[in-house]
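Protein chains: 2
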Amino acid sequence: MNERNDLNGISQQTLRRLPFYLSYLQGRLSGGETTISAAAIARALGLNEVQVRKDLALISTSAGRPKTGYQLEGLVSDIESFLGYKNIDEAILVGAGQLGRALLSYQGFSKYGLNIVAAFDNDPQLEGRELHGKTVFPLYKLIDLTRRLKVRIGIITVPADQAQQICDMLVEAGVLAIWNFAPVKLIVPGSIMVQNENMAASLAMLSRHLNERFTE
Amino acid sequence: MNERNDLNGISQQTLRRLPFYLSYLQGRLSGGETTISAAAIARALGLNEVQVRKDLALISTSAGRPKTGYQLEGLVSDIESFLGYKNIDEAILVGAGQLGRALLSYQGFSKYGLNIVAAFDNDPQLEGRELHGKTVFPLYKLIDLTRRLKVRIGIITVPADQAQQICDMLVEAGVLAIWNFAPVKLIVPGSIMVQNENMAASLAMLSRHLNERFTE
DNA sequence: TAGATTGTTAATCGATTAACAATC
DNA sequence: TAGATTGTTAATCGATTAACAATC
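Heads up: the sequence lines are chains A and B, in that order.
One rule links them: number in my numbering = place in the first sequence (from 1) + 27.
One rule links them: number in my numbering = place in the second sequence (from 1) + 27.
By construction, these hints were calculated from the structure, which means they are not laboratory data.
Among the hints, erroneous ones may be present.
Covered stretches of chain A (in silico footprint by chain B; criterion: 3 or more residues with CB under 8 Å from a CB of chain B, positions within the stretch not fixed) [stated by the list, open to error]: (1) 40-48; (2) 60-74; (3) 126-134; (4) 180-193; (5) 206-215; (6) 225-236.
The structure presented is a predicted model; accordingly, all values stated were derived computationally and were not measured.
Beta carbons: idealized from backbone N, C-alpha and C, even for Gly.
With the hints as constraints, model all of the structure from the sequences given.
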């Protein structure tokens, strides 16, 4: 499950912190400031100062300057570029059930550089319908259509027991990256990236916190 | 951001693997099998054998037996209990925008032990409306209503710059755990758990994979 | 008994943090 | 210059993996 813990030398951990840096720095920038120190960022986000410097060094194009700190504007731009927010990628979504529809309904992905262009589902009732402005196609059209649209990202929101099968179709259709919401380890060729989204883990964390007294 | 990396002695990493164990084991169980070895689980999920044993030792009530392996049924039950899927917690959601509505529309949370009972938003247009069967209340009713309902989980789906303010209200209303979708470090009293959901990081990962050639 | 499989103790690896030198 | 702040090298810490003893 951890075959690939880094991407161009950047660790998952660093990557997970970047959206927090970005949000905080955007706030400071719109507050009219122009520079910021690693110490200030660390304090605001509850991180270690050195960790902040190391993270920023990995992604920023211009170095910070002693005594002044980092240029806010450049930093914000660097993080946005790094996170891929500046280029839009197209995706198709497979599995127009509850979760799939929830994702289709969320317009906010464009901010993150993602645009879902179509949905697929094997329910004949859904065939041809529009959900949140996106057409639902039958599953047998998946490979052909995805190929023709040259879509590079596939989103899997089908039940766990169908996930691998859908994954195989996506691979055949030529996608290069898969965002997988099923709690299943997907087998893919090495060149294809699978990113698992694990809301179940977050919820488990909350639930355990509430029931802590039972667990000792 | 990492103040609390473990919960009753279990690491975040282990916790993130549990939903994958569960899904795989459920599949084997419904396939009619009764026992399973750590090696088989490790192979199926691409993990290290010892890691699997250590994870299972942390959460299971009965030990595995040499030569036989683990009892599937007991293991599934133990993981479900551990993840809190067996007891339903009630939650309120604040911020009925795109993301908030997407979450409201998702009925699948009940499987994970979560039941969203109401939504709050400061848009007067939404006041009193039903979204996916849940009533949207104005923000000024948040504290009183949450308290009276004795809701223990708050879900934050407002823009980043409002997140802390909503968080403070939730704390005042007596929630014990917060599921935060805004990329903001929330300041809370020590007894309250904040769980950040970071879809932006997943998307960044995918986006970077697609654009890898640009990054060297 | 022999061998498969578990659980544990020790070694390794990577990420975080501390110490410190460089520099504006 | 002095001091704030950066970037880097070394130490620490925790998670993963390897080696191995225990046991059904």
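Outcome of the hint check:
no.: 1; hint: 40-48; result: holds (count 6)
no.: 2; hint: 60-74; result: holds (count 4)
no.: 3; hint: 126-134; result: holds (count 7)
no.: 4; hint: 180-193; result: holds (count 3)
no.: 5; hint: 206-215; result: holds (count 5)
no.: 6; hint: 225-236; result: holds (count 12)
Going through the hint list in order, the structure satisfies each hint without exception.
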